[in-house]
Amino acid sequence: MNIQAILEKMNAYFKNVHPDELISEFEKKGYVFEDVFDIDAPDISYTTYHSHLLGTNGVFTISKAKKSKINSCFFFAPIFNRFTSCK
Amino acid sequence: MQLVSEVVELIGFHGTDAKNLDLINQNSFKKSNSRNDWFGTGCYFFIEGISAKDPIELASLWAADVAWDKELRAYKYAKWIVLECKIDVNGAEILDLRSPLGLKVFNTFREMTIEKIFQGRKRLKKDAYKDSDVFDIMKQKLSLKVIIGNVYIKFAEVRRNTFAFSSNIPNVTIFCLDNSNNEYIDAKTIKLVKEGEIQL
Numbered sequence: 821m822n823i824q825a826i827l828e829k830m831n832a833y834f835k836n837v838h839p840d841e842l843i844s845e846f847e848k849k850g851y852v853f854e855d856v857f858d859i860d861a862p863d864i865s866y867t868t869y870h871s872h873l874l875g876t877n878g879v880f881t882i883s884k885a886k887k888s889k890i891n892s893c894f895f896f897a898p899i900f901n902r903f904t905s906c907k
Numbered sequence: 025m026q027l028v029s030e031v032v033e034l035i036g037f038h039g040t041d042a043k044n045l046d047l048i049n050q051n052s053f054k055k056s057n058s059r060n061d062w063f064g065t066g067c068y069f070f071i072e073g074i075s076a077k078d079p080i081e082l083a084s085l086w087a088a089d090v091a092w093d094k095e096l097r098a099y100k101y102a103k104w105i106v107l108e109c110k111i112d113v114n115g116a117e118i119l120d121l122r123s124p125l126g127l128k129v130f131n132t133f134r135e136m137t138i139e140k141i142f143q144g145r146k147r148l149k150k151d152a153y154k155d156s157d158v159f160d161i162m163k164q165k166l167s168l169k170v171i172i173g174n175v176y177i178k179f180a181e182v183r184r185n186t187f188a189f190s191s192n193i194p195n196v197t198i199f200c201l202d203n204s205n206n207e208y209i210d211a212k213t214i215k216l217v218k219e220g221e222i223q224l
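Protein sequences appear in the order of chains A and B. This note's numbering numbers the first residue of the first sequence as 821 and each following residue consecutively. This note's numbering numbers the first residue of the second sequence as 25 and each following residue consecutively.
Hints in this document: simulated from the structure, not taken from any laboratory. Virtual Cβ for every residue (Gly too), placed ideally from N, Cα, C. One or more of the hints may lead you astray.
[Stated by the list, open to error] Distance condition first, Cα-Cα at most 25 Å in a straight line; then the derived DMTMM-like pairs of lysine to aspartate or glutamate:
#1 Lys100(B) to Glu135(B)
#2 Lys178(B) to Glu847(A)
#3 Lys849(A) to Asp61(B)
#4 Lys43(B) to Glu847(A)
#5 Lys149(B) to Glu828(A)
#6 Lys149(B) to Asp840(A)
#7 Lys849(A) to Asp157(B)
#8 Lys829(A) to Asp155(B)
#9 Lys55(B) to Asp840(A)
#10 Lys149(B) to Glu845(A)
#11 Lys829(A) to Glu95(B)
#12 Lys128(B) to Glu33(B)
[Claimed, not checked] Over 10 Å on every C-beta distance to chain A, these chain B residues come out as not near it, computed from the model:
#13 Asn174
#14 Asn192
#15 Gln223
Build out the structure end to end from the sequences listed, making use of the hints.
This is how it looks when you write it as structure tokens:
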């Protein structure tokens, strides 16, 4: 085994391959992928008490992507919450 | 700088149906395409390694094992053979998983693959991952022709003696050859080393 030659081939491959090309290789083998919208998102959502248009106490997640203005954030505000919080 | 690798000679033993001898003599090895195969698609050979049994015996056990058709509940063939094959392959085309370095290369390739897919904002939907698929992509993209490694095979004699038995500790050494273009096995070097018959 010529480990140096294999490592060079591997580094060159990953340097040049586009993610879509690799995804397509796996799809040809029958793999099913789901979209990841938010690469840097925390694993769990957290609750915020900030006021917002859809009410308060909604489950609100924000990603680093949002902070860098790359992607939109995701906001889940149970409408039910809006009414209960207005009592 | 182009790296020059020396040619490595491997001697492997392949157990199969005796009827395949004519095909094999024409250098037409049937490729295994199962996703459950250890190192992806290719022709598999036993070699000298970690087993207490010699590779010829392992190949004969294998040939007798795969004769049994689970669905039909019957033997597909009764006569089996073991062939010795010599394979000459460039060192840069071999990934040897018997060494820690070889395992590191595979682990790095697998991790970088997952990372790259994630960069494309995708991840696997269901737990359907098989190492053999990564090996296939690795062989294709890195021009690897041979993957050598230690694996666990549950032979029929173990299945007979202990019904519910599984292990993560390898018991045999094998290699998988991507012989798609029939360029790595010289038909003249193929030798019939053992033959036998299943007692029906």
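Task: Verdict on Asn192(B) as a residue remote from chain A, using beta-carbon distances over 10 Å - done: It holds; Asn192(B) is separated from chain A by about 24 Å at its closest Cβ, greater than 10 Å.
Open item on the list: With the threshold set at 25 Å, check whether the alpha-carbon distance from Lys149(B) to Asp840(A) stays at or below it.
Closed with: The given pair, whose Cα atoms are some 16 Å apart, holds under the 25 Å limit.
Open item on the list: Hint check: Lys128(B) vs Glu33(B), CA-CA at most 25 Å. Holds or violated?
Closed with: 24 Å, holds
Open item on the list: Given the hinted pair Lys100(B) and Glu135(B), is their Cα-Cα distance within 25 Å?
Closed with: 40 Å, violated
Task: Satisfaction of hint between Glu828(A) and Lys149(B), Cα-Cα up to 25 Å - done: 31 Å, violated
Task: Consistency of the no-contact label for Gln223(B), given chain A and a CB cut of 10 Å - done: 40 Å, holds
TODO: With a cut-off of 25 Å on the C-alpha distance, tell me whether Lys43(B) and Glu847(A) pass.
DONE: Roughly 36 Å between the alpha carbons, so the hint for Lys43(B) and Glu847(A) is violated.
Open item on the list: At 10 Å, judged by beta carbons, does Asn174(B) keep clear of chain A as stated?
Closed with: Asn174(B) clear of chain A: closest Cβ-Cβ about 15 Å, beyond 10 Å.
TODO: Please work out if Lys178(B) and Glu847(A) have their alpha carbons no farther apart than 25 Å.
DONE: 31 Å, violated
Open item on the list: Hinted pair, alpha-carbon criterion (25 Å max): Lys849(A), Asp61(B). Please report holds or violated.
Closed with: The given pair, whose Cα atoms are some 14 Å apart, holds under the 25 Å limit.
Task: 25 Å Cα cutoff - pair Lys829(A), Asp155(B) - done: Judged against 25 Å, a Cα distance of about 20 Å means the pair holds.
TODO: Assess, step by step, whether the Cα of Lys849(A) is no farther than 25 Å from the Cα of Asp157(B), and give holds or violated.
DONE: 8 Å, holds
In this structure, the hints that do not hold are numbers 1, 2, 4, 5, 9, 11, in rising order.
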